[in-house]
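Enquirer: Chain residues, written in single-letter form:
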Amino acid sequence: MEQQALLQVNHLSTHFRSNPTGLFRRAGLIKAVDDISFFINRGEVLSLVGESGCGKTTVGRTLTKLQPSSGGEALFHGRDILPLSQSVFRPLRREIQMIFQDPFASLNPRLTIEQTLAEPLFIHKLAADSNQARQQVADILEQVGLDASVMKRHPHEFSGGQRQRIGIARVMIVKPKLIIADEAVSALDVSIQAQVLNLLKQLQQEHRLSMLFISHDLGVVRHISDRVAVMYRGKIVETASKPEIFSNPQHAYTKKLLAAIPRVPTLQRAS
Amino acid sequence: MALLEINNLSIAVASQGQLLPVVTDCSFSVAAHETLGVVGESGCGKSLTALAIMGLLEGSQVNITSGSIVFDGRDLLQLRPAQRRAIMGNQMAMVFQEPMTSLNPVYRIGEQITEVLQQHRKITHRESRQRALELLDLVKIPHPQDRIDSYPHQLSGGQRQRVMIAIAMACEPALLIADEPTTALDVTVQKEVLDLMLDLQTRTGTSIILISHDLGVIAETCDEVAVMYRGRIIEKATTASLFANMAHPYTRGLLASIPTIDTDNDWLQAIPGRVPGIDEKVNGCPFHPRCAHTETPCTQTAPRLIDTHPHHAVRCHFAGEI
Amino acid sequence: MTLRTTIAAVFRGRKLAALGAVWLCIITVAAIGAQFIAPFDPLEIDPIARLSEPGLPYLFGTDHFGRDTFSRAVYGARMALIIGIGSVLVALICGGLIGLLSAYFSTLGHFLMRIIDVLMAFPALLLALVLMTLLERSVINTVIVIGIVYATTTARIFFGMTLKLKNEVFIDAARCSGAGHGSILFRHILPNLWSPLLVQASFIFAFAQLQAAALDFLGLGLPPEVASWGNMLAEEKIYITRAPWLLMFPGALIILSVFSMNLVGDAMRDSIDPRFKNDIAGI
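Chains as they are written, first to last, in the numbering used here: chain A, 1 to 271; chain B, 1001 to 1322; chain C, 2001 to 2283.
Please keep in mind that the hints were generated in silico from the structure rather than gathered at the bench. Be aware that a few hints might be false.
Computed list of lysine-lysine pairs in BS3-like fashion (alpha-carbon distance at most 30 angstroms, straight line) [as the list claims (entries may be wrong)]:
#  : chain 1 : residue 1 : chain 2 : residue 2
1  : C       : LYS2164   : A       : LYS31
2  : A       : LYS256    : B       : LYS1191
3  : C       : LYS2166   : A       : LYS152
4  : A       : LYS177    : C       : LYS2166
5  : A       : LYS152    : B       : LYS1281
6  : A       : LYS255    : B       : LYS1191
7  : A       : LYS235    : B       : LYS1191
8  : A       : LYS31     : B       : LYS1191
9  : C       : LYS2166   : A       : LYS175
10 : A       : LYS125    : C       : LYS2166
11 : B       : LYS1140   : A       : LYS256
12 : C       : LYS2166   : A       : LYS31
For the chain C half of the interface with chain A, some residues (derived, Cβ under 8 angstroms), not all of them [to be verified]:
#  : residue
13 : LEU2134
14 : GLU2168
15 : PHE2170
16 : ALA2173
17 : CYS2176
18 : SER2177
19 : ASN2192
The C-beta atom is built at its ideal place from N, Cα and C for all residues, glycine as well.
Whole structure, please, built from the sequences with the hints as guidance.
Expert: Structure, rendered in structure tokens:
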């Protein structure tokens, strides 16, 4: 018998009204996400790959209910989350967490790291008082490779890589089941990107997390995923296991994508 | 003789009464018909070097503190502003990273191309429009007749970057500086734009300085490579030699940290630590706080560029040994 | 950033603004310690010394009742401070809340911002005049009316800035953490409006002075017995040829104070987040 997926998305669609370009022209309909289906098992990383404007970010925003959906269903633990109201969905937010792309924009510049990290603890009643919260913040900072003493500082005092670690800490502190990582390492320099990617993978394996990893970078995707779904113009054109997609791509678009990536000579990689 | 020769260029930024070095003692040359890649992470000084060559640092907080930039036998830093303007856009042109913001949104793309032509050539309006059409065709914009009167927002990102290249190539410059020209583009479009640049180079013989953070892009397009870290060139070689005899621990680290689509490693070999800020002073080798091979000399004296192979220089005390 | 470094950053290289700040400090001291600084009771009448010229013991001379102009000017500073601070509070609390809520809840915003648009169609002084004629002349009513007049522009500015902030990624991040509307509005958005809030406050303070003086002059502002710079101008305007100092001193005080406040406001605006410069440059 087939194991029940942690997240099962069926025929999901998200449409936008476009702004009318002329004064009297009617608003058009943009099908950002157009009838897509996929599933993620427990402890599995599914990557959603595609180029800008293909709708991959909208999928993430729809599943975290930052964006209303237009059709289909998303079963989380077998329960459809799309029709839930924000207040009913709030307790579930603890289990479905999101990591954002831009480490410079995703932290409130006015709050200290401790305030930012402790906020979800109080919202979800995971800490009774600020002492307990501080202890948990210190623990999580250590887990993401930062010193606990940084919690008194503000975001502007950190580099991009450090901020993204803080972003990961904010997600991990509530012990989620599913992480949606939207281009989580794209804004980082290569040497820092590798650190953060390793961290993400290590946490994912330690806690057996499920992850929807949204990215345009096939190299990063190859490094972290178990399965890969390729998106093109709002539709998923191909889904396959990681070895399949890289060694035996089926869809023409996947092939084109793979062929376009500049190759780095690998002579010296083993140092 | 090289087309462009940069000797001991140093750049510093003025901040609160202090001069903080951002580029230190940088030397390289570009021969005619050649493509030089400059690679490094954000803040390594690669873009500032490009802006210095184009004379775009004037009037900013950033100053050239020493060195010379010799282009076609003349030191650009000694020229009067008017003489420099005659070179810019004419013999030397630049393509920027953001195709969204580097075109003026209120002018049609045809007007933006002819503007450069009329600036530098004695040419009638009709001729310049004809030339603009040729250029759009050259950069492979489909249906140039229809597109020449479009506004930038009506084009896709890749097409805008093609228009930028058309503007840069309008006067058939001897040197084209491209600062992360494809970073904002999708990979499939990136490939097309890079192919286009190389194609134009073989046709016109332009030299190119390609600035990028992406070793893959550099490896596929450049003849020579300079790797920068914290304002210094730490390794300089022909592309073939760089990847065959890669010597500097930073360059190796950079290569090892790239997740590639051709291999399955479980863990990437990241470079530990982070790049120190420009206001933090590091004694000795700028890379030593992050280097796995640090020994006493590294913390005390800054290494010089040493030739390890023909056309291959490395700034490391232990070049060739590790 | 500590208060000291902030102040240093605002006034570094802006000498004129620093002078303005010094002048405002003097006004504040005069306002707070009016009863110790003023040599006479501002309402005390000395019929023998009517319209005496500046000198001793009447530093700025006396008015047509024989009241000491200097003492009245010192008490006028107190009134200026009350009007300024009061209007700023009313404008920022009403306007700020309207702007914040309208931007955040778009349905409510459609309704509230249309009302603001209608109010903004009136010139500021006309709106104040209309409101004042409906109310009794008193300090509190003047404060409320001027506050409401500037609440409209404040609401517009806050509306724009909140719209922008609302779409910041860190707001999405807070929503993903499960933060509710109250927490997002007052914990995540409002603290990011602090610096523009401060700048806006400085401009409202300055314009409130002019507005109050204008209302006083037209006989619709503070009750005539209150010692305010505007009232001093209004009462003594007919003596402009016989005793010009009666108008010169309060007039100069108004101009200097407004000018100083504007200079300080400009300095604050120029030194705050570049993100907001464009939003509040147009006031």
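Enquirer: Find the hints from earlier in the document that the structure breaks and name them by number, from lowest to highest.
Expert: 13
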